[in-house]
Amino acid sequence: MSFILQRGQQDAERKLIKAAVSADFQRVVAQGISQQLLTWKGIEATEKLANSTNSKVIVIGTTAVRGFR
1 MSFILQRGQQ DAERKLIKAA VSADFQRVVA QGISQQLLTW KGIEATEKLA NSTNSKVIVI
61 GTTAVRGFR
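For the sequence shown, counting from 1, position 52 maps to 52 in the working numbering; every step adds exactly one.
Misleading hints may appear alongside valid ones.
Stated by the list, open to error - Restraint ranges, calculated between C-beta atoms of paired labels, are given here: (1) Arg7 with Ile33: 48 to 58 Å; (2) Val59 with Gln35: 43 to 53 Å; (3) Ile4 with Val29: 36 to 46 Å; (4) Leu5 with Gln35: 41 to 51 Å; (5) Arg7 with Val28: 49 to 59 Å.
In short, the hints are calculated from the structure, not lab data.
For every residue, glycine included, the Cβ atom is placed at its ideal position computed from N, Cα and C.
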C-alpha cells in the first residue's frame, strides 16, 4: 500500500512540475509575440493559400485590423 501511495505522490509531483514548465514556456513565448508579428504571419498564410492550386475558398479577415472593420 505504501508503494501505491508513494507512486501516486510522485505522479502528482511530476504533473505539477510539467504544468509549471508549460506555464513558464507560455509566458516566455507570449512576451516575444507581438500583434504585428501575428498579423504578418496571417498575411503570409493567406498569400500561401491564395497561391495554392489546391485551395477552393479563402476566408480573409479579423474583427479589427488597424481601423478597418
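A quick look at each hint next to the structure:
{"no.": "1", "hint": "Arg7 with Ile33: 48 to 58 Å", "verdict": "violated (39 Å)"}
{"no.": "2", "hint": "Val59 with Gln35: 43 to 53 Å", "verdict": "violated (20 Å)"}
{"no.": "3", "hint": "Ile4 with Val29: 36 to 46 Å", "verdict": "holds (37 Å)"}
{"no.": "4", "hint": "Leu5 with Gln35: 41 to 51 Å", "verdict": "holds (48 Å)"}
{"no.": "5", "hint": "Arg7 with Val28: 49 to 59 Å", "verdict": "violated (32 Å)"}
This entry does not satisfy hints 1, 2 and 5, going by the numbered hints stated previously.
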